[in-house]
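Engineer: Put together the whole structure using the sequences plus the hints.
Protein chains: 2
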Amino acid sequence: MSSPLRLGIAGLGTVGIGVVKIVQKHADLLAKRTGRPVEITAVTARDRLKNRDADLSAYRWEDDAMAVATADDVDLYIELIGGEDGIAKDSIEAALRAGKDVVTANKALLAVHGQELAELAESLGRVIRFEAAVAGGIPVIKAMTESLAGNQIQRVMGVMNGTCNYILTRMESAGLPYEAVFEEARQLGYLEADPTLDVGGIDASHKLAILSSIAFGTKVNFGAVEIEGIERISIDDIRRAADMGYRIKLLGVSQMTARGLEQRMSPCLVPDDSPLGQLVGGTNMVVVEGDQVGQIVLRGAGAGEGPTASAIMSDIVEIARDVRMPVFGQPADQLTEAQTARTAVPAAYYIRLELQDKPGALAKVAAILGEAGISIDRMRQYGHHDDNSVPVLVVTHKTTPDAIDHAIETLPKTGVLVSDPVELRIEEV
Amino acid sequence: MSSPLRLGIAGLGTVGIGVVKIVQKHADLLAKRTGRPVEITAVTARDRLKNRDADLSAYRWEDDAMAVATADDVDLYIELIGGEDGIAKDSIEAALRAGKDVVTANKALLAVHGQELAELAESLGRVIRFEAAVAGGIPVIKAMTESLAGNQIQRVMGVMNGTCNYILTRMESAGLPYEAVFEEARQLGYLEADPTLDVGGIDASHKLAILSSIAFGTKVNFGAVEIEGIERISIDDIRRAADMGYRIKLLGVSQMTARGLEQRMSPCLVPDDSPLGQLVGGTNMVVVEGDQVGQIVLRGAGAGEGPTASAIMSDIVEIARDVRMPVFGQPADQLTEAQTARTAVPAAYYIRLELQDKPGALAKVAAILGEAGISIDRMRQYGHHDDNSVPVLVVTHKTTPDAIDHAIETLPKTGVLVSDPVELRIEEV
Chain G
1 MSSPLRLGIA GLGTVGIGVV KIVQKHADLL AKRTGRPVEI TAVTARDRLK NRDADLSAYR
61 WEDDAMAVAT ADDVDLYIEL IGGEDGIAKD SIEAALRAGK DVVTANKALL AVHGQELAEL
121 AESLGRVIRF EAAVAGGIPV IKAMTESLAG NQIQRVMGVM NGTCNYILTR MESAGLPYEA
181 VFEEARQLGY LEADPTLDVG GIDASHKLAI LSSIAFGTKV NFGAVEIEGI ERISIDDIRR
241 AADMGYRIKL LGVSQMTARG LEQRMSPCLV PDDSPLGQLV GGTNMVVVEG DQVGQIVLRG
301 AGAGEGPTAS AIMSDIVEIA RDVRMPVFGQ PADQLTEAQT ARTAVPAAYY IRLELQDKPG
361 ALAKVAAILG EAGISIDRMR QYGHHDDNSV PVLVVTHKTT PDAIDHAIET LPKTGVLVSD
421 PVELRIEEV
Chain A
1 MSSPLRLGIA GLGTVGIGVV KIVQKHADLL AKRTGRPVEI TAVTARDRLK NRDADLSAYR
61 WEDDAMAVAT ADDVDLYIEL IGGEDGIAKD SIEAALRAGK DVVTANKALL AVHGQELAEL
121 AESLGRVIRF EAAVAGGIPV IKAMTESLAG NQIQRVMGVM NGTCNYILTR MESAGLPYEA
181 VFEEARQLGY LEADPTLDVG GIDASHKLAI LSSIAFGTKV NFGAVEIEGI ERISIDDIRR
241 AADMGYRIKL LGVSQMTARG LEQRMSPCLV PDDSPLGQLV GGTNMVVVEG DQVGQIVLRG
301 AGAGEGPTAS AIMSDIVEIA RDVRMPVFGQ PADQLTEAQT ARTAVPAAYY IRLELQDKPG
361 ALAKVAAILG EAGISIDRMR QYGHHDDNSV PVLVVTHKTT PDAIDHAIET LPKTGVLVSD
421 PVELRIEEV
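Protein sequences, first through last, are from chains G and A.
Going by full-length UniProt numbering, the first residue of the first sequence is number 1, and it counts up by one from there.
Going by full-length UniProt numbering, the first residue of the second sequence is number 1, and it counts up by one from there.
Be aware that a few hints might be false.
[What the hints assert, rightly or not] Within a straight-line C-alpha distance of at most 25 Å, the following computed SDA-like cross-link-like pairs (lysine to any residue) qualify:
hint, chain 1, residue 1, chain 2, residue 2
1, G, K413, G, H384
2, A, K25, G, T336
3, A, K32, G, N221
4, A, K219, G, D28
5, A, K32, G, K32
6, G, K358, G, H385
7, A, K32, A, D73
8, G, K32, A, D322
9, G, K32, A, N221
10, G, K25, A, H26
11, G, K364, G, H385
12, A, K413, A, E428
13, G, K32, A, Q154
14, A, K219, A, E337
15, G, K25, A, Q334
16, G, K25, A, G294
17, G, K25, A, K25
18, A, K25, G, Q295
19, G, K219, A, H26
Hint data in this document are derived by calculation from the structure and do not stem from the laboratory.
Structural biologist: Structure representation (structure tokens):
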């Protein structure tokens, strides 16, 4: 049996403790599968005295992450601190410079500084692995960098923030408004300290930016993601969408087009009987489309101790087996700078309107849509509300985002709208 | 850039030609992703003169597979001949002995001789990869050997024969009997030359046996799979199951229990709104349950030129990157001989009966079930048929296969059955 792989872990929250538990529980299994013992030598976290659900007494406690990252008896530095800058980044750089490989679950860091870190790692002959950074326990990074390496990737889509999906499915099942379910989620501890990371779509966009880089061989460009969160989704939209056979999901889509790379994270309608439409609660799903393989769908838990630690163990096992690969699947210095394209791929759209209950209102709306070149697939007028407004739902045929934007801007000028129109893209899945 | 990886391909059917096309079309992509050119040097197939959908003029034609397998200018031998013995096996052994790595899509060979071949490869320091052997384009071998390596696997399930799933879903959607859809499938070219490989569940069982080995670290044991095909599934069963909220799938299940390893391939009921229940046509799905990750679902095309070739390219890329791993995820000489267990994990069952339309018939059935210790979850009696028989459907609570076997044996003795009872397991998914 070869020499042990010695781990140093910085960050002992849910995920870090999950890793400790697996290393302890599955020591034999890991040794069998990697051909060498996998051991923890040093750990650190913000608060040494915090009560943790694992026995850490066999490991050296270091007072800071830098000490773990650079310790002589650490081969592999596991960064579970989080944050796109600061000690997370500094300690990873220090570890690489000290000749360590790195495993991290830090999507924010990779989305913002991934290119720089990949270049540093590769110049030093080290690897950074990050299976846990995207979609928790789902092996999407490995699938894309390795399993689908014979494909030109055409599109990547995913529901990658379990909290948002929990909120949206709970709104539908309980018939509760956004604010009430948001508060529930907060009380259940599902939200990040800064909840806009979740409901604002930022966390999911970090993940999408990472997937885009691997899919298209481009430098990770989080700044280019068009981001919209789920805050404006009302229970009305959820119900109306359901009437039409759709569910609303916070969906990330990354797609290379002739005009450049489109990356968007936004609430979309998907058919309720599609795999994405069927997704409930905190489960994640990633859909990858390759020119050879067609559509591959991967589904699993997107967060939680076991699933996230499982993904980190996958990286640890890989390094224990001495599998070494460029960070984003091809050398960082060969990744290209993608032209950023605003979303232009045509799609059907859902438009919800509240019209004044008077003759000619619907005709004015139809005229505006017609002038914008938008043709209507289905239109449904509901009984009027107490305030005499009339809900109208339009599902368009495929049209361009520009045409929709134009229509949405023009519609209020008809003078027949009671409130701002709501438009949502119906993503083809 | 490193030296080229030189491929020799034996077998130029759909899949072989698919590999040729990808190597030609994605030469740049492959070089970027592996850091070296991937080239084909030698090919062979049964019939040189057959018209093929690819330009093979740049490759040396060899008259037999042995010549490709052992050629000096071949680094990686790709066996796409098929068959569990004969030239497929001989040429792989010759390639290993000649210092080549091997990629194969040959599930029958691996299911029957996998242990022997793995031992040979590992004793020679060579690798055999076989992502394409199970579930076509779905990266399940990599997911299990690598991504889930930090898990004790608890159960593996899958719909892994697209032809059977096509037949079952087509029977439901078109309301056609088994024989008619079987004939359709034959005319569409969906069936193997020996169709019992498909509809008899053998092909899918080959795949299950391979997955079991990886999941549980046991020697592949195809002979221990309890196999039942879809031949006895009637349109009646499909309709009645649908009434109760289920779909019938040819489902493979591999599960380690205290009594040993259960491997079964049989038509089962699954909830129609579960991911497995939603699967239509030739799509495959594999569900893996690990103690850490929970349930991971992988879905994609199970066959076809592009998807299968994509899986083979994944193996080729891995070898081009010099990733080397034991064949079944841990050294072959450490794989254990699993105790074979007949299915004993309790489950709910579906029982369809045709009773004589006379008083007391149902009471006699209920009595038999009660005596066998089987309690009834739901029972439904339908209007009588033209022959005055009465269809009765029973969904049981969880019970043991032994109890069901006993009841099914005893029921005809009541003298109230018009035909043999049909029982199907309702697998918990």
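Engineer: Each of the hints needs a verdict: does it hold here or not?
Structural biologist: Verification of the hints:
no. : hint               : verdict
1   : G/K413 with G/H384 : holds, 21 Å
2   : A/K25 with G/T336  : holds, 20 Å
3   : A/K32 with G/N221  : holds, 20 Å
4   : A/K219 with G/D28  : holds, 18 Å
5   : A/K32 with G/K32   : violated, 33 Å
6   : G/K358 with G/H385 : holds, 13 Å
7   : A/K32 with A/D73   : holds, 22 Å
8   : G/K32 with A/D322  : holds, 21 Å
9   : G/K32 with A/N221  : holds, 20 Å
10  : G/K25 with A/H26   : violated, 43 Å
11  : G/K364 with G/H385 : holds, 20 Å
12  : A/K413 with A/E428 : violated, 31 Å
13  : G/K32 with A/Q154  : holds, 17 Å
14  : A/K219 with A/E337 : holds, 6 Å
15  : G/K25 with A/Q334  : holds, 20 Å
16  : G/K25 with A/G294  : holds, 16 Å
17  : G/K25 with A/K25   : violated, 46 Å
18  : A/K25 with G/Q295  : holds, 19 Å
19  : G/K219 with A/H26  : holds, 20 Å
Violated hints for the displayed structure, listed by number in ascending order: 5, 10, 12 and 17.
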